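Novice: Chains as they are written, first to last, in full-length UniProt numbering: chain A, 1 to 443; chain B, 1 to 168.
Incorrect hints may have been included.
Stated by the list, open to error - Mimicking DSSO-like on lysine-lysine, the simulated pairs with C-alpha atoms at most 30 angstroms apart in a straight line are:
| id | chain 1 | residue 1 | chain 2 | residue 2 |
| --- | --- | --- | --- | --- |
| 1 | B | 20 | A | 201 |
| 2 | A | 201 | B | 136 |
| 3 | B | 162 | A | 212 |
| 4 | B | 55 | A | 407 |
| 5 | A | 136 | B | 20 |
| 6 | A | 173 | A | 125 |
| 7 | A | 136 | B | 103 |
FYI, nobody ran anything at the bench for these hints, they're computed from the structure. Because the structure is a prediction, the values reported are computed rather than measured.
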Amino acid sequence: MAAGTLYTYPENWRAFKAQIAAQYSGARLKVASSPPAFTFGQTNRSPAFLSNFPLGKVPAYQGDDGFCLFESNAIAHYLSNDALRGSTPQASAQVLQWVNFADSEIIPPASAWVFPTLGIMQFNKQATEQAKEEVKRVLTVLNQHLNTRTFLVGERVSLADITVVCSLLWLYKQVLEPAFRQPYPNVNRWFVTCINQPQFKAVLGEVKLCEKMAQFDAKKFAENQPKKEAPSKKEKAGKEAGKQQPQQQQEKKEKKKEEKKPAPPAEEMDECEAALASEPKTKDPFAHLPKTSFVLDEFKRKYSNEDTLTVAIPHFWENFDREGFSIWYSEYRFPEELTMTFMSCNLITGMFQRLDKLRKNAFASVILFGTNNDSSISGIWVFRGQDLAFTLSDDWQIDYESYNWRKLDVDSEECKTMVKEYFAWEGEFKHVGKPFSQGKIFK
Amino acid sequence: MALRELSSLEKFLGIKKLNKYSTQGERKVPVLQNNNAQSLVGLATISCHLVHEAKRRELLGDSAEQRAVVQQWLEYRLTRLDHCSRDEINIILKELNQYLVDKVYLAGNSITLADMLMYYGIHHIIMELAVQQKEKYLNVTRWFDHIQHYPGVRHHLPPVLKLPFKKR
Ligand SMILES: N[C@@H](CCC(=O)N[C@@H](CS)C(=O)NCC(=O)O)C(=O)O
Chain A
1 MAAGTLYTYP
11 ENWRAFKAQI
21 AAQYSGARLK
31 VASSPPAFTF
41 GQTNRSPAFL
51 SNFPLGKVPA
61 YQGDDGFCLF
71 ESNAIAHYLS
81 NDALRGSTPQ
91 ASAQVLQWVN
101 FADSEIIPPA
111 SAWVFPTLGI
121 MQFNKQATEQ
131 AKEEVKRVLT
141 VLNQHLNTRT
151 FLVGERVSLA
161 DITVVCSLLW
171 LYKQVLEPAF
181 RQPYPNVNRW
191 FVTCINQPQF
201 KAVLGEVKLC
211 EKMAQFDAKK
221 FAENQPKKEA
231 PSKKEKAGKE
241 AGKQQPQQQQ
251 EKKEKKKEEK
261 KPAPPAEEMD
271 ECEAALASEP
281 KTKDPFAHLP
291 KTSFVLDEFK
301 RKYSNEDTLT
311 VAIPHFWENF
321 DREGFSIWYS
331 EYRFPEELTM
341 TFMSCNLITG
351 MFQRLDKLRK
361 NAFASVILFG
371 TNNDSSISGI
381 WVFRGQDLAF
391 TLSDDWQIDY
401 ESYNWRKLDV
411 DSEECKTMVK
421 EYFAWEGEFK
431 HVGKPFSQGK
441 IFK
Chain B
1 MALRELSSLE
11 KFLGIKKLNK
21 YSTQGERKVP
31 VLQNNNAQSL
41 VGLATISCHL
51 VHEAKRRELL
61 GDSAEQRAVV
71 QQWLEYRLTR
81 LDHCSRDEIN
91 IILKELNQYL
101 VDKVYLAGNS
111 ITLADMLMYY
121 GIHHIIMELA
131 VQQKEKYLNV
141 TRWFDHIQHY
151 PGVRHHLPPV
161 LKLPFKKR
């Protein structure tokens, strides 16, 4: 069974193909999509990355065994099982047929239509209208095929469904409003069924189908423009739409590199970076929670600047909002694997780094107890909301399974004692049975 | 017939324990004999019980709404499908065909007991359908074909050919 890492920027539909395939096959796939593991525009331009993936494009896959692949379809194929790839020569050829169909028939018009609505490509009425017609043609073909079929190939989900669904994702999200998609009931039925399979859902989350056709977003487009003269957007759209001759592309790459040298990478707005930038930034996973009276930042200031026992902790309990926050005890599950103290500390700080985006909504004190080769890690976490925040965002799930989590009863003596001891880094730590070694604060 | 259905269901669920069944009355209603407890009567009741025993609750629907829809189709199966006259067959096929326009499964987005019992119950009807009718009730044909290919479902029933698509 394949096991490895997929490098990509977050929410990349090309990466989704591989991620969903892995959900079906059980391939163990880590996704590196955010710092420090992966920073789009930096990591993929580093010499180390380029030596494995000469194009510097993502998604890119590196197996734990060192095996490297680029091109999303190849990666998805590799991470599939036989059932997904098609288990007869006919079936696997049909799968290939639909995968190529997606790339050559769906993606070009889909990009031409959707990108302007995301503000990452100039709007051109004629081009958009033409793209709409092409999309209609594609949907008609699919609708006809699915008239008598449940899935594209055979009677089970295959890589064909995964690929075509992912290729239609932006269309369904941005522009295929009910009236536009109504003539294609078979495609709609199939699409909705697919995105609701647990394996798709695990990767895509809840997909909200378009209610009103998005139009050109001129404001965002203007914002997305680099300050200085851009090296022609059209050229880039062309890269997406019609594949250029390899040679030309090579030349362009070269040119791009030269141009770029003096300018910091952030200045160059690539279509993919733009797509990245245009992701709904305010996907605040805590948005659904009611307002709270407990100002975490204020507590953090008190904690940093004033005495913990006499100021910060009393402030904490005076202002704590039990409705809006919860307190958790966490314990590292594999203490027997902890060796050197400094390595254990890196484990904690690494986790904090990965949870960076959580800082606004959490506070924690995590402590390493004991000595080399005889230690344990445990901590007290204060989270916005009543549930473990990790499940709210994929980025946050990396470490949390390595810990046992127990929600504390805010009124209990146990909770009061733990908060006091863990925040102050002193006390009996009765339940631990090892002396305090080092503490780390997440704030 | 119901007993063979139950035995197929047991296989699908991977139930190893040997259940003892009998039938009751003219309509041969299935009865699950239970040595030390009360015996259970009726296809839907026994099926649901088996699903619970096999700890496959998702087959009864994965939300309150879906559970209701599953029960609705079990009832439909027993009250409508099992007692329909020749004339009613077409009405049932039409209803079902309309219902399945935008659905792959009868309830929710995965197979449930509703699909299985409807499949078992409608099999003899689909067997008899002429090609033109299969084309007329295309959504039923598609659904039926999908369910009969679902691993572990078909057991006691012969496969039914979908449509001679290749021509045309
Ligand atoms: N055909 C490739 C396309 C990959 C691709 O174009 N990746 C873009 C992101 S959308 C990229 O990594 N661009 C970085 C660059 O060109 O430096 C695939 O499907 O994997």
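Novice: Each hint needs a verdict: does it hold in this structure or not?
Specialist: We went through each hint and held it up to the structure:
For the hint pairing residue 20/B with residue 201/A, the CA-to-CA distance comes to about 41 angstroms; that exceeds 30 angstroms, so the pair is violated. Of the supplied pair hints, the one linking residue 201/A and residue 136/B is violated, its CA atoms being roughly 34 angstroms apart against a limit of 30 angstroms. With a C-alpha separation of about 38 angstroms, the suggested pairing of residue 162/B with residue 212/A is violated against the 30 angstroms cut-off. With a C-alpha separation of about 28 angstroms, the suggested pairing of residue 55/B with residue 407/A holds against the 30 angstroms cut-off.
Our distance criterion of 30 angstroms between C-alpha atoms is broken by residue 136/A and residue 20/B, whose separation comes to about 57 angstroms. Under the criterion of a C-alpha separation no larger than 30 angstroms, the hint pairing residue 173/A with residue 125/A is consistent with the structure, at around 20 angstroms. At most 30 angstroms may separate the alpha-carbon atoms for a hinted pair to count; residue 136/A and residue 103/B meet this at roughly 22 angstroms.
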